[in-house]
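K.L.:
Spelled out, the chains give:
Protein chains: 2
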Amino acid sequence: MTTEGARLLPSARVAILGPGLIGGSLALALQRVLRADQLLVWCDAAEERALVSAAGLRVTSSLEESVQTDVVVLCVPVQAMPELVARMLAFLPARTTVTDAGSVKAPLLAALEPMLGARYVGAHPMAGSEKRGFAAARADLFDGARCFIVPSADEDRTRIVEALWKAAGCHLERIPAPTHDAIVARVSHLAHALAPALIRAAARHPSKPLRYAGPGLRDTTRLASSDPALWAGILSANRPEVLDALEAVGAEIAGLQAALRSGDAAIVEAWLAQARILREECAASRPEVAP
Amino acid sequence: MTTEGARLLPSARVAILGPGLIGGSLALALQRVLRADQLLVWCDAAEERALVSAAGLRVTSSLEESVQTDVVVLCVPVQAMPELVARMLAFLPARTTVTDAGSVKAPLLAALEPMLGARYVGAHPMAGSEKRGFAAARADLFDGARCFIVPSADEDRTRIVEALWKAAGCHLERIPAPTHDAIVARVSHLAHALAPALIRAAARHPSKPLRYAGPGLRDTTRLASSDPALWAGILSANRPEVLDALEAVGAEIAGLQAALRSGDAAIVEAWLAQARILREECAASRPEVAP
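Heads up: the protein sequence lines correspond to chains Z and V, in order. Just so you know, we're using my numbering here: the first sequence kicks off at 1 and counts up by one. Just so you know, we're using my numbering here: the second sequence kicks off at 1 and counts up by one.
Chain Z on its own, in the form it takes in the complex (with noise of 0.2 Å):
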């Protein structure tokens, strides 16, 4: 690895861990790219493994098998990975460069870096749905998606795994950890702490009112239909961040009540405005596509 690692990728192999949602879609966007012996699935069970070889993907259930590649990407849930990485110590090459497609970063870096040191470059892509399963995963999943980057002190093995997220569809950004975690507290896990809380509260009276939801409330709580376990993993490896972004959601509401108790329906307009100029800047903004 000591030339650029955008010119490495044609001749990289890349082993994937976890054939989920994730690392299925980043295996079939790879298979447009890659050479067929380029590109190995890593899975436990027995039943994922059939449906990751009739995609034509090779597969194996050799943790040792699969870590014999220039780049293992962790695509199991946060929770798992310190374990994994474990595992495969004992037998990981030094050349290996592990990446990962984990929701929170300065957790994972901290507890993989002691292992794996500058072998270990931090990745997100944002992309995802709140359905789960190689069943759901797509080659196209992460076209024109960012993927934020939190960079090793091996420029070169931060280039490959560059190279890597850049070949699946992704634009990238570098970001250090603990502004990434700080950013998608408020950006994906605040709303996917909120869609639970509102279907929830929605629930609560005697009324039975969720036989009357319609197509707001079902786009609204659209993430309370994503994985429990998932997202009980990632809201625990981002509680500080979490706890916080909850706290002001908290604030918002109290505003909210404030302004409804006034009866002046002037203030509950202003504070509905506010809130329409912000929805409509984020709602503009897209990343660019990765030329």
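Hints are computed from structural coordinates only; laboratory data are not their basis. Just so you know, even glycine gets a beta-carbon here, dropped at the ideal spot from N, CA and C. Don't take each hint at face value.
Said to hold, decoys possible - Restricting the straight-line Cα-Cα distance to at most 30 Å, the calculated cross-link-like pairs of lysine-lysine (DSS-like) are:
no.: 1; chain 1: V; residue 1: K208; chain 2: Z; residue 2: K208
no.: 2; chain 1: Z; residue 1: K208; chain 2: Z; residue 2: K131
no.: 3; chain 1: V; residue 1: K131; chain 2: Z; residue 2: K131
no.: 4; chain 1: Z; residue 1: K208; chain 2: V; residue 2: K131
no.: 5; chain 1: V; residue 1: K131; chain 2: V; residue 2: K208
As the list claims (entries may be wrong) - Where chain Z lies over chain V, by a calculated footprint (3+ residues, C-beta under 8 Å):
no.: 6; stretch: 14-20
no.: 7; stretch: 86-99
no.: 8; stretch: 118-128
no.: 9; stretch: 177-184
no.: 10; stretch: 230-238
With chain Z's structure known, arrange chain V on it following the hints.
P.N.:
What follows is chain V alone, placed relative to chain Z:
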């Protein structure tokens, strides 16, 4: 109005007051089943009258002319309805039935019944969009949507209003006004309050997180793009129920915060899993299409 409303509609003349998203869509929906001379749209703004007229609808700026019909449908913002009815009282024929498409029912009943008595039949079609104005109106907006009906003491008038909304494509459900308001606070108004709270809270960080918003946040906050003046009126009109529902959300958020602080991801997972069950139930339940 002595024979059944449903059979009367084919010959009834209908006036729609306010051709916004809802009133405009109702006009376009009824245009599919009524003759041109049965349908009249009232509108103050000359610019909007031109749009409505271009869609092949008869339009007037005379409130007096518009109420010389069998059914008048109030499609202006809820807070403007009492004043509009007060203006039309002087020339409103006794035979004319008045209904509305407002998102709250008990406060409207309290304001309109003293003026109209049994001539007022409340209605609320559960359809909409964050868009506004006649330009966003669609003939199929109500197809398959539920329409709540708050019956008046006059069964014939209630039936002609039901016939109207059924002709527009709705599935009907009679309901007492207070029950209606408790339900819509939870399945509609609460999401319109929380989507803005979420986007406001997500924006509150030095890292300017909204630059990084993805489809999850955009979907969850879609309702924050709704018309602030319209929704300030609705939330204010349904204040007691909305405040109660916001308290329930606050309690749910506190529950999640406690689960996160416990450090036990299994508690967080159970909280998310319960929400997922509720969401799947409400995503599955859709109103039957009226036969």
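K.L.:
Taking the hints in turn, state whether each one holds.
P.N.:
These are the hints, each one checked on the structure:
Under the criterion of a C-alpha separation no larger than 30 Å, the hint pairing V/K208 with Z/K208 is inconsistent with the structure, at around 39 Å. Pair hint Z/K208 plus Z/K131 holds up; C-alpha atoms about 27 Å apart against a cutoff of 30 Å. For a cut-off of 30 Å, the pair hint linking V/K131 to Z/K131 stands: about 28 Å separates their Cα positions. For the given pair, Z/K208 sits about 28 Å from V/K131 by alpha-carbon distance, which is consistent with the 30 Å threshold.
Simply put, V/K131 and V/K208 have alpha-carbon atoms about 27 Å apart, close enough for the 30 Å limit, and the pair holds. For a cut-off of 8 Å, the count of residues in the stretch 14-20 of chain V with a CB near a CB of chain Z stands at 0, and the three-residue condition is violated. For the stretch 86-99 of chain V, the stated coverage by chain Z is violated: 0 residues have a C-beta nearer than 8 Å to a C-beta of that chain, whereas at least 3 were required. Evaluation of the coverage hint for the stretch 118-128 of chain V: fulfilled, as 3 residues show C-beta separations to chain Z shorter than 8 Å, against a requirement of three.
Coverage of the stretch 177-184 of chain V by chain Z holds [criterion: at least 3 residues with CB-CB distance below 8 Å; count 4]. Here's how the stretch 230-238 of chain V fares: 5 of its residues keep a CB closer than 8 Å to some CB of chain Z, so the rule of at least three is met and the hint holds.
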